[in-house]
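So you can see what is in the structure, the chains are spelled out below.
Number of protein chains: 2
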Amino acid sequence: MTSNSDNQPANAFYAQSGGVTAVINVSAAGLIETARKHPDKIGKVYAGKNGIIGALKEELIDTSLESDTDIAALKHTPSGAFGSCRYKLRGIDESRAEYERLIEVFKAHNIRYFFYNGGGDSMDTAHKVSQVGETLDYKIQCIGIPKTVDNDLPITDNCPGFGSVAKYIAVSIREAGFDVASMAATSTKVFVLEVMGRHAGWIAAAGGIAAENEGDAPHIILFPEIAFDEKAFLQRVEYSVAKYGYCAIVVSEGLKNSEGKFMADAGTIDAFGHSQLGGVAPVIAQLVKNKLGYKYHWAVSDYLQRAARHIASKTDVDQAYAMGVAAMNFALEGKDAVMPAIRRDSNNPYSWSVAEANLADVANVEKMLPAGYITEDGFGITEKAREYLQPLIQGEDYPPYKNGMPDYVVLKNILVEKKLKVNFEI
Amino acid sequence: MTSNSDNQPANAFYAQSGGVTAVINVSAAGLIETARKHPDKIGKVYAGKNGIIGALKEELIDTSLESDTDIAALKHTPSGAFGSCRYKLRGIDESRAEYERLIEVFKAHNIRYFFYNGGGDSMDTAHKVSQVGETLDYKIQCIGIPKTVDNDLPITDNCPGFGSVAKYIAVSIREAGFDVASMAATSTKVFVLEVMGRHAGWIAAAGGIAAENEGDAPHIILFPEIAFDEKAFLQRVEYSVAKYGYCAIVVSEGLKNSEGKFMADAGTIDAFGHSQLGGVAPVIAQLVKNKLGYKYHWAVSDYLQRAARHIASKTDVDQAYAMGVAAMNFALEGKDAVMPAIRRDSNNPYSWSVAEANLADVANVEKMLPAGYITEDGFGITEKAREYLQPLIQGEDYPPYKNGMPDYVVLKNILVEKKLKVNFEI
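Residue numbers (this note's numbering), protein chains in the order written: chain Y, 666 to 1091; chain E, 666 to 1091.
The hints are simulated quantities; they were obtained by calculation from the structure and are not laboratory data. All figures in this text were calculated on a predicted structure; none of them were measured in a lab. Any given hint could turn out to be false.
No copy labels: a pair is met if it fits in one copy or bridges any two.
[As the list claims (entries may be wrong)] Okay, derived cross-link-like pairs now, DMTMM-like style, lysine to aspartate or glutamate, Cα gap no bigger than 20 Å in a straight line:
no.	residue 1	residue 2
1	Lys956	Asp894
2	Lys979	Asp1062
3	Lys960	Asp930
4	Lys753	Glu1031
5	Lys702	Asp735
6	Lys1067	Asp983
7	Lys1067	Glu1048
8	Lys1077	Glu879
Please construct the entire structure, taking both the sequences and the accompanying hints into account.
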């Protein structure tokens, strides 16, 4: 293993990137706990305060100052315990100063391992850091750790974070479906739940898990992959109300009309001047009211769905932990420019193992929902989709509670003293 | 006990009323399980299909055809298992035909016990049925069972259904708060969660339980009791972002402006022509964006909050069950025109017992959030509020899971044969 002049083992840097999840901290715990078992090989694990920005600004959190108990508590704490960021490093030519700054900071703190916990963009960044290190003749092992509720990374069978959102959405539409069914005789007949997934319908599809038997909610799923067909949709709503007494709908925030425009914009841009998504549920609900006259209710889960550690999937928690452990093990084995991935070994019973992917193969490839996962009418999921999705929501992994509330940890997050004289402006 | 000519014990009628909750079925289970212990005194328990409408239309569900296992499963199933309705019987003079129809149906099916599980209006109806029975010389014992997420019934310390919504909202804003805190450095700085409670801020107040330490989410609560003060609100948002890096807000759907108009209408009436509430969260979020420029996210829980049996409060479940048991016991003791209530015997440690209230004292009295529960600045809850609220969310009572999903029961709901020749039009 690489060591500095004092013969101290080299340090590691870990950063959380992009939208956080219910289980990204579980990967952090897996990584840090594994490092702590190898003090001869891994010195300190530094975490970036607010992700990669922490490295650029030399704001490094010394995780060795966190107790074993607090690191273990990350396993039941949602969000990004060290802070995350939305900050994309571009190509090496364009962002050379930033890459060089990273190497400079790593060098100053004897960091020889770079772990980046994120989605496709982050895997690309990790890959580039590896390349820049080589160019600058600074040996640094770069390991990606998969994380994204969007479930859109290639090679890995699924992405940590997705299973828990999937479970939350499936549970929520089942519960709301039961509620609406009770009320439908004299009151609400249509319920619309808006879910995340701007580009791909993985989360919307997960809602379909709730419909196990004929007539179960959701009766309609509106995918971002399928252009909204108002006539067919309204017919389906009418059919559902006539046959089952009510209609429960899951709609993706990324639903588009036949011209490829976001439906969320259609109804709200005048009143609000929205520039960010969110708000397709009221548009769909109001359409139903206007055209069919049914009383409606709608919900938008937004961050609740990806932060809902209280109803996380145990499978997801286990896999997120395994990815953190595997990432550190890859580093200990001397690997570079790789990412641990989840391999599905069998479906029934579900079993999985840890595989290895090259960052070069992961970066900038988006895994879309396969066409064969959506029913022909465009409003539901196929058996094939269910076979894929069902195992990912298996098991519950409840956090501990205190005073009736989940007892989530807030780390001390103490920064290491800066060694560089120059501040870096973001 | 009253018996019919065959010396069979008289039957009971049970109906669910108004908006359903995560635990109204728990009260049904308590009532039915208690009745099943007294076959010598209580014949069949009939349930109204879709609430009181089931009685008016003579659509009576024979709960004796449901297995003990399925009745027990009601204890972990949200919504109204027999269907509920929004249908208000008015004064006796105005709605005499309906009251008389009720008595006629009860007489035809030898029903001598009327249980009505609902909020203030339902307690009023139960009271009136008792009076009409007397006038028509038909002996019927009328017992109310408290249920409302709005927590606005008098006499009872709290209402079954509320504790579970309170827990859901407190957990949700804590989780979303952790999420936003992670993202705030470069992305979302303000998060707005809209909650139910059109007239009273009980549910909004419950969000405040999550803020245990300085800086915890939520940083601002917007109550329906406090007219929205834009300037003070924006100042508070700025302060929170400056001091804690982000701002998490809980807003009641019933928030009003200084002219007493619903804020939800202000932003959406032109675009949607809304006639129902819902949608104050985007109005508040957009205001923050326009005036302060912060990136925002917002969520509307809607039915999810009251259907969330997966994170129900154990205290709430226990109390809902006790109310069902007590209601049946009151009937067995020959009582009429009463409602079991929850009495708080001590705060620390929390203990409670079952009390008895007269329907005459409960009907048409709304218990508002005491002024002393809201902090002077109007944006938070006092220690007194916390002392009241905290015990109500204590304990978890997880449903069983199957295939990764909560295993909620759907009853057979088989109707009794009609005995009356005349159909009743609603």
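For each hint, the structure was consulted:
Taking identical chains as interchangeable, the C-alpha atoms of Lys956 and Asp894 lie at most 20 Å apart only when both belong to the same chain, with a minimum of 14 Å there against 37 Å between chains. Taking the closest pair of Cα atoms, Lys979 and Asp1062 come within 20 Å of each other both inside a single copy (5 Å) and across two copies (18 Å). When the C-alpha separation of Lys960 and Asp930 is checked against a cutoff of 20 Å, the pair qualifies only between copies, where the shortest distance is 17 Å, while the shortest distance within a copy is 23 Å. Within a single copy, Lys753 and Glu1031 get their C-alpha atoms as close as 16 Å, which meets the 20 Å cut-off; across copies the closest is 54 Å, which misses it.
In this homomeric assembly, Lys702 and Asp735 come within 20 Å of each other (Cα to Cα) only inside a single copy, at 16 Å, whereas the closest approach across copies is 50 Å. Within a single copy, Lys1067 and Asp983 get their C-alpha atoms only as close as 23 Å, which misses the 20 Å cut-off; across copies the closest is 19 Å, which meets it. Within a single copy, Lys1067 and Glu1048 get their C-alpha atoms only as close as 41 Å, which misses the 20 Å cut-off; across copies the closest is 18 Å, which meets it. With identical chains, the CA atoms of Lys1077 and Glu879 are at most 20 Å apart between copies only, with a shortest distance of 15 Å across copies and 51 Å within one.
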